[in-house]
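Colleague: Sequence:
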Amino acid sequence: MANIEALKKSRKNERAAFTKASNRVEELIALEDVDICELEAELNVFKGKVDRLENTHSNILELLPEKDYDAEFEIVEDFRDKAIRIETKARRIINGQQNTMKLKYYLSLRRVIISLAEGKFNLRGWKYTGDDDPEQVTSVLGLIWNRKEDALKINLDRIETYRLEIV
0 MANIEALKKS
10 RKNERAAFTK
20 ASNRVEELIA
30 LEDVDICELE
40 AELNVFKGKV
50 DRLENTHSNI
60 LELLPEKDYD
70 AEFEIVEDFR
80 DKAIRIETKA
90 RRIINGQQNT
100 MKLKYYLSLR
110 RVIISLAEGK
120 FNLRGWKYTG
130 DDDPEQVTSV
140 LGLIWNRKED
150 ALKINLDRIE
160 TYRLEIV
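Just so we're aligned, residue 0 is where the sequence shown starts under numbering that gives the first Met the number 0, counting upward by one.
It is worth saying that the hints were derived from the structure and are not from the lab. Be careful, since some hints might not be right.
SDA-like, lysine to any residue: derived pairs with alpha carbons at most 25 Å apart [what the hints assert, rightly or not]:
1. K126 to K152
2. K48 to E26
3. K8 to T18
4. K8 to K103
5. K81 to E39
6. K88 to K126
7. K88 to E26
8. K101 to E76
9. K66 to E76
10. K81 to K152
11. K11 to E65
12. K88 to D32
13. K103 to S114
From a predicted model like this one, the values you see are computed outputs, not experimental measurements.
Build out the structure end to end from the sequences listed, making use of the hints.
Modeller: Rendered as structure tokens:
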């Protein structure tokens with residue numbers, strides 16, 4: 000019976016930590032312009048608290064007498080349900096903002112391509128830093144663009160020697 004008392008004491012602290020972490024995630028969820036990196040970090044902290052509490056709940060349920068089991072099980076299920084609801088809300092926000100950022104990127108890319116086409120620029124290809132193309136060096140307007148390092152260099156092979164006339 001001493002073991003169950005130690006578990007119950009631990010459960011009390013873990014429930015307090017769960018509540019604190021869940022409140023923090025819910026605060027971030029309520030923000031109109033939430034930082035998704037911060038939300039994701041706090042969600043990970045919350046999930047750690049949920050896992051620890053779930054483990055303690057399982058250990059307690061195994062040791063409880065049958066007469067106390069049903070009441071405790073209902074409380075445990077309430078914690079599980081709350082954790083699932085919070086994680087679902089947070090994931091929707093995180094995924095929604097990531098999709099919005101991708102959409103904004105593609106819309107701006109589309110505007111650039113349309114502008115190039117309207118200006119009679121013949122766009123033959125599109126290269127960018129971080130793509131999977133094994134050829135990471137590209138010629139751009141007579142310069143050498145190292146896309147892996149995202150650096151421009153002067154192509155010295157193309158520069159002719161010029162004589163400056165003293166006036």
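Colleague: For every hint, state whether the structure bears it out.
Modeller: Now the hints, each set against the structure:
{"no.": "1", "hint": "K126 to K152", "verdict": "17 Å, holds"}
{"no.": "2", "hint": "K48 to E26", "verdict": "17 Å, holds"}
{"no.": "3", "hint": "K8 to T18", "verdict": "16 Å, holds"}
{"no.": "4", "hint": "K8 to K103", "verdict": "50 Å, violated"}
{"no.": "5", "hint": "K81 to E39", "verdict": "17 Å, holds"}
{"no.": "6", "hint": "K88 to K126", "verdict": "37 Å, violated"}
{"no.": "7", "hint": "K88 to E26", "verdict": "12 Å, holds"}
{"no.": "8", "hint": "K101 to E76", "verdict": "37 Å, violated"}
{"no.": "9", "hint": "K66 to E76", "verdict": "17 Å, holds"}
{"no.": "10", "hint": "K81 to K152", "verdict": "56 Å, violated"}
{"no.": "11", "hint": "K11 to E65", "verdict": "21 Å, holds"}
{"no.": "12", "hint": "K88 to D32", "verdict": "15 Å, holds"}
{"no.": "13", "hint": "K103 to S114", "verdict": "17 Å, holds"}
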